[in-house]
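A.B. asks: Sequence:
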Amino acid sequence: KILQRGRDRRLRVRVRQHYQPEEDEDPELMFVGAKTNISRLGQTVKDRLVDPVGNNRKRTVKLRFSGNTAATNAILAIEDAMRKANRELVFRASFEEALPKNTTDTSSEGSEAAEAAPAEGSQE
1 KILQRGRDRR LRVRVRQHYQ PEEDEDPELM FVGAKTNISR LGQTVKDRLV DPVGNNRKRT
61 VKLRFSGNTA ATNAILAIED AMRKANRELV FRASFEEALP KNTTDTSSEG SEAAEAAPAE
121 GSQE
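The numbering of the sequence shown is full-length UniProt numbering, which starts it at 1 and goes up by one.
Bear in mind the hints are in silico, worked out from the structure with no lab data behind them.
Every clue listed holds true.
DSBU-like mimics (lysine-lysine), calculated; alpha carbons at most 35 Å apart, straight line:
#1 Lys35 - Lys62
#2 Lys101 - Lys62
#3 Lys35 - Lys101
#4 Lys84 - Lys35
#5 Lys62 - Lys84
#6 Lys58 - Lys35
#7 Lys84 - Lys58
Sequences are here, hints too, so could you generate the full structure?
C.D. replies: Written as structure tokens, this is what we have:
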């Protein structure tokens with residue numbers, strides 16, 4: 001969880017082991033890059049989770065990214081979404097090893113496996 005500290009309003013992350021947040025069956029997938037605008041992504045995540053009145057919409061949004069800068073942008077966007085939604089958000093990180101592209105295999109199965117991103121995060 002990412003929580004705000006009471007005195008200085010800075011954010012912190014609380015780690016919970018063996019906690020599985022409930023996920024939607026078909027979460028929206030968002031790709032995060034090194035040049036992603038953090039505040040726009042945070043607003044988009046907030047808009048997917050909470051409507052303008054404050055009612056909950058969805059439980060899950062998936063963020064997929066690769067690289068240190070993109071990972072930093074994803075965490076900062078989660079913090080921004082939490083601040084804008086005025087709610088605690090939970091995220092679960094999972095890592096996938098990118099498969100090397102096979103230049104000799106042109107089947108659809110080979111191309112799908114090669115497009116796997118190295119890391120993805122999910123929050124609620």
